[in-house]
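Note that the protein sequences, when read in sequence, are chains F and A. Per my numbering, residue 1 is the first one in the first sequence, and the count goes up by one each step. Per my numbering, residue 155 is the first one in the second sequence, and the count goes up by one each step.
Honestly, the hints are just simulated from the structure, not real lab data. Don't take each hint at face value.
[As the list claims (entries may be wrong)] Pairs of lysine-lysine, DSS-like flavour, derived with a Cα cap of 25 Å:
hint, chain 1, residue 1, chain 2, residue 2
1, F, LYS82, A, LYS247
2, A, LYS247, A, LYS175
3, F, LYS86, A, LYS175
[Unchecked claim] What follows is a list of derived Cβ distance ranges for each label pair:
hint, chain 1, residue 1, chain 2, residue 2, range
4, A, VAL218, F, ASP23, 35 to 45 Å
5, A, VAL242, F, TYR27, 15 to 25 Å
6, F, ALA141, A, GLU244, 22 to 32 Å
7, A, ILE169, F, VAL65, 27 to 37 Å
8, A, LEU162, F, ALA64, 28 to 38 Å
[Stated by the list, open to error] Not close to chain A: a few residues of chain F, all C-beta gaps over 10 Å, as computed:
hint, residue
9, PHE17
10, ASP47
11, GLN55
12, SER70
13, THR74
14, ARG84
15, LYS86
16, ILE87
17, PHE118
18, LEU122
19, ARG126
20, LEU140
Even for Gly, the Cβ is constructed at its ideal location relative to N, Cα and C.
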Amino acid sequence: MLTYEVVFAAALVISAFLALHLDETIYAIISFGAALTLLSGLYFLMDAPFAAVFQLIVTVGAVAVFFLASEMLTPKKGSSQKTRDKILGLLVASALAVVPIISDLHVEVFSNSHDYSFAMALWEYRALDVIAQSIVVLTLALGIVMVLRGKGGK
Amino acid sequence: MEYIILSLILLAIGIYGLVTKRNLLKVLMSIELIAAAASMNFVVFGSMIGDQLGQVFFILALSVDTAVTSVIIALVLIAYREHRIIDVWELSKLKKS
Numbered sequence: 001m002l003t004y005e006v007v008f009a010a011a012l013v014i015s016a017f018l019a020l021h022l023d024e025t026i027y028a029i030i031s032f033g034a035a036l037t038l039l040s041g042l043y044f045l046m047d048a049p050f051a052a053v054f055q056l057i058v059t060v061g062a063v064a065v066f067f068l069a070s071e072m073l074t075p076k077k078g079s080s081q082k083t084r085d086k087i088l089g090l091l092v093a094s095a096l097a098v099v100p101i102i103s104d105l106h107v108e109v110f111s112n113s114h115d116y117s118f119a120m121a122l123w124e125y126r127a128l129d130v131i132a133q134s135i136v137v138l139t140l141a142l143g144i145v146m147v148l149r150g151k152g153g154k
Numbered sequence: 155m156e157y158i159i160l161s162l163i164l165l166a167i168g169i170y171g172l173v174t175k176r177n178l179l180k181v182l183m184s185i186e187l188i189a190a191a192a193s194m195n196f197v198v199f200g201s202m203i204g205d206q207l208g209q210v211f212f213i214l215a216l217s218v219d220t221a222v223t224s225v226i227i228a229l230v231l232i233a234y235r236e237h238r239i240i241d242v243w244e245l246s247k248l249k250k251s
């Protein structure tokens, strides 16, 4: 049966493959953004709204950064990819998407549920992880700033 | 089980990009896809046991993944600024010279 989950999963596979296969960077980035947005939709269908929203936020940031980077780094030239190559890529992506279509995507819920709420899981069970990870992310951000400034000063 | 197969397909696509693509931005997209495939399992298994712990792990994993992506973008920018190339093979040739 064609459910939303199957449609999202098939579209996710196709757009993820095209993101890597297409030579034109702008189309590849649009396809990549579509793949991550569809992944966010899948999370929402899996009854994981926090993961869905977080994935969507990261997707927006990633796509913006990719657009900027491609605009800065990619030389402006016409497409050299042949139509035959594009069609071949689409066919391979469609072949890969057959697997999620024929499999009935659903999440089996086991009975040994702990039933933690999100806030409880985040702050009571993983609070130390969150704090440690904040320090790691902050250190990485400072490192990036130092590297870029150091290289820029030369 | 079906979601794990989907995750494996995404992982395979990411590895395909990592192996065949020379553009550093495409390599970065491949790494993002591999990370998305891996962190998807947190949400799937979290949904299987019916609690929110999987989402918490997913958020922790994705924030580190985003930080790693920003590091790679910084390296790409430095490579372009220093050598005017974003081709992985060309960059590896610089090591020999």
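Take a quick look at whether LYS247 (chain A) and LYS175 (chain A) sit within 25 Å of each other, Cα to Cα. 16 Å, holds
Consistency of the no-contact label for PHE17 (chain F), given chain A and a CB cut of 10 Å: 5 Å, violated
Consistency of the no-contact label for LEU122 (chain F), given chain A and a CB cut of 10 Å: At about 5 Å from chain A, LEU122 (chain F) fails to clear the 10 Å cut-off, so the statement is violated.
Restraint status (C-alpha distance of LYS86 (chain F) to LYS175 (chain A) at most 25 Å): Roughly 15 Å separates the two Cα atoms, so the pair holds.
The output says ARG126 (chain F) does not contact chain A. Does that hold with a beta carbon cutoff of 10 Å? 5 Å, violated
Please confirm whether PHE118 (chain F) is truly not at the interface, meaning its C-beta sits more than 10 Å away from all C-beta atoms of chain A. 4 Å, violated
Can you confirm whether the C-alpha distance between LYS82 (chain F) and LYS247 (chain A) stays at or below 25 Å? 28 Å, violated
Go ahead and decide if the range 35 to 45 Å is satisfied by the Cβ distance of VAL218 (chain A) to ASP23 (chain F). At roughly 31 Å between Cβ atoms, ASP23 (chain F) and VAL218 (chain A) fall outside 35 to 45 Å, so the hint is violated.
So is THR74 (chain F) really clear of chain A, every C-beta pair being over 10 Å apart? 8 Å, violated
Claimed clearance of chain A by ASP47 (chain F), with the beta carbon kept past 10 Å: At roughly 6 Å from the nearest Cβ of chain A, ASP47 (chain F) sits no farther out than 10 Å, so the non-interface label is violated.
Beyond 10 Å from every chain A Cβ: check whether that's true for ILE87 (chain F). About 18 Å separates ILE87 (chain F) from the closest Cβ of chain A, which puts it past 10 Å; holds.
Distance restraint hint 15 to 25 Å, applied to the beta-carbon atoms of VAL242 (chain A) and TYR27 (chain F): Holds - the Cβ-Cβ distance for VAL242 (chain A) and TYR27 (chain F), about 21 Å, lies within 15 to 25 Å.
In this structure, the hints that do not hold are numbers 1, 4, 7, 9, 10, 11, 12, 13, 17, 18, 19, 20, in rising order.
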